[in-house]
Amino acid sequence: MKTIGKVIGYLILIGSGILMFIFWLMAMSSWLGLLGTILAFVLCPGLVIFPIVFWIIEGVFPAFYFIVWGVGIAGLIIASISSRDE
Amino acid sequence: MENEIQIGHEPKQNWFLKQIKKYPLITFTVGFLLLGQLVIIFASYFADKSLFFERYGLNIWFWAIGILIIYFLQWLLVVYVASKFPREKLKQIFFKHPVATIIMFVLFITDLPYRLAEYGTGGGWFETILYYAFLAFLWWLFVCWFSSKIFKKQRFQWRWYQKTIEKIFVFLPIAYKIIFGLILAVVIFFIIFYLITFVFKYSGQDLKILFS
Chain A
-17 MKTIGKVIGY
-7 LILIGSGILM
3 FIFWLMAMSS
13 WLGLLGTILA
23 FVLCPGLVIF
33 PIVFWIIEGV
43 FPAFYFIVWG
53 VGIAGLIIAS
63 ISSRDE
Chain B
711 MENEIQIGHE
721 PKQNWFLKQI
731 KKYPLITFTV
741 GFLLLGQLVI
751 IFASYFADKS
761 LFFERYGLNI
771 WFWAIGILII
781 YFLQWLLVVY
791 VASKFPREKL
801 KQIFFKHPVA
811 TIIMFVLFIT
821 DLPYRLAEYG
831 TGGGWFETIL
841 YYAFLAFLWW
851 LFVCWFSSKI
861 FKKQRFQWRW
871 YQKTIEKIFV
881 FLPIAYKIIF
891 GLILAVVIFF
901 IIFYLITFVF
911 KYSGQDLKIL
921 FS
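Protein chains in written order, with our numbering: chain A, -17 to 68; chain B, 711 to 922.
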C-alpha cells in the first residue's frame, strides 16, 4: 500500500511540475517568441517572481499557477506520508 | 489483573479487519471501484432527477445500498479466492498446466478488445479489464481442475514457459500498483484541483489570456 501511496504522491507532484512548466513556457513564448521558448528551458521561473511578472504584464492574477502549485504540495504530502516508516 | 493480555494469547481480531489487513490491495481496489460507482449514481441523480427515474426507476437509496451490497459480495468472493490460492500454490498450478494457461491467455487477449468496446466506454476500461480478468481467471481455474481430473500426469514441461511465469509473478504486482497508482493520481489531482478552484472561485481568465 505504501508503494501505491508513493506512486500517487510523486505522480501528482511530477504532473503539477509539468503543468507549471507548460504555463511558464507558454507565457515566455507569447512574450518573447522563439527567444522566450529557449529562455524558458534555460531560466528558472522563480516560484513567486514569475507570477508577479505575469500579473503586471497581463493584468490578470495567475491563479492557475498557484492552484497547480497547491496540488503539487498535496502530492508531496501524500508521498512523504507514504514514505514514513511504520 | 483481568484486563492484562496473557503471553502467547493474541487478542481476538474482527474477521473483516483481519482480511482487510491481509489483502489491502484487493480492499483498496474494490473500495475505489465502489466509490466510482456511487459517484456516478449520485452525479446522474443530482444532474437530472427526472431522467434518472425515467432511466433507472426506483429510489436513489435502493441503488446506493444495492451497489454497496454487490461490491461487498464481490470483495468477499475475491478475498475468498485469494485465501484459497496463495502465491506459491497458484504458481504451481501455472507450472502444471502450461497448455491450458496459454490457450486461456490467448482467448482472454483476443476477446478483451471486444469486451472493452462493449463495456469499457466512458472511463470504465479499468473496471472492465479487472472484471473480465477475474472471470477469465475463474474459468482458467476450472479448466485446470478439469484437465487435472483427465490427465493424471503432466505431459508438457517447458523451461521458457516456467521462466516467463516466474517473471510475470514478479512483474505483474509491480505493474498493477503503478497503473492503479497512476489512475488514482489522476483522479486525486482533479479532485484537489476542483476543490481549490471551487474554494478560490477560479474563472480561468489567466489560461484564456495565455491560449488566446
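Derived by calculation from the structure, the hints in this document are not laboratory data. Misleading hints may appear alongside valid ones.
Claimed, not checked - Mimicking DMTMM-like on lysine to aspartate or glutamate, the simulated pairs with C-alpha atoms at most 25 Å apart in a straight line are: (1) A/Lys(-16) <-> B/Glu837; (2) A/Lys(-16) <-> B/Asp758; (3) B/Lys863 <-> B/Asp821; (4) B/Lys911 <-> B/Glu837; (5) B/Lys911 <-> A/Glu40; (6) B/Lys759 <-> B/Glu798; (7) B/Lys732 <-> B/Glu828; (8) B/Lys862 <-> B/Glu798; (9) B/Lys918 <-> A/Glu40; (10) B/Lys732 <-> B/Glu798; (11) B/Lys732 <-> B/Asp821; (12) B/Lys887 <-> B/Glu837; (13) A/Lys(-16) <-> B/Glu876; (14) B/Lys877 <-> B/Asp758; (15) B/Lys728 <-> B/Glu828; (16) B/Lys887 <-> B/Glu876; (17) B/Lys873 <-> B/Asp758; (18) A/Lys(-12) <-> B/Asp821.
Tested hints:
1. A/Lys(-16) <-> B/Glu837: Holds, at roughly 22 Å.
2. A/Lys(-16) <-> B/Asp758: Violated, at about 39 Å.
3. B/Lys863 <-> B/Asp821: violated, 31 Å
4. B/Lys911 <-> B/Glu837: At roughly 33 Å apart (the allowed maximum being 25 Å), B/Glu837 and B/Lys911 break the hint.
5. B/Lys911 <-> A/Glu40: Distance ~20 Å between B/Lys911 and A/Glu40 Cα, so the pair holds.
6. B/Lys759 <-> B/Glu798: Not OK: B/Lys759 and B/Glu798 at ~51 Å, beyond 25 Å, violated.
7. B/Lys732 <-> B/Glu828: Violated: B/Lys732 and B/Glu828 sit about 34 Å apart, past 25 Å.
8. B/Lys862 <-> B/Glu798: The hint holds at about 21 Å.
9. B/Lys918 <-> A/Glu40: holds, 11 Å
10. B/Lys732 <-> B/Glu798: holds, 16 Å
11. B/Lys732 <-> B/Asp821: violated, 32 Å
12. B/Lys887 <-> B/Glu837: With a Cα-Cα distance of about 15 Å, the restraint between B/Lys887 and B/Glu837 holds, given a limit of 25 Å.
13. A/Lys(-16) <-> B/Glu876: Distance ~24 Å between A/Lys(-16) and B/Glu876 Cα, so the pair holds.
14. B/Lys877 <-> B/Asp758: violated, 49 Å
15. B/Lys728 <-> B/Glu828: The given pair, whose Cα atoms are some 37 Å apart, is violated under the 25 Å limit.
16. B/Lys887 <-> B/Glu876: holds, 18 Å
17. B/Lys873 <-> B/Asp758: violated, 54 Å
18. A/Lys(-12) <-> B/Asp821: violated, 34 Å
The earlier numbered hints that this structure contradicts are 2, 3, 4, 6, 7, 11, 14, 15, 17 and 18.
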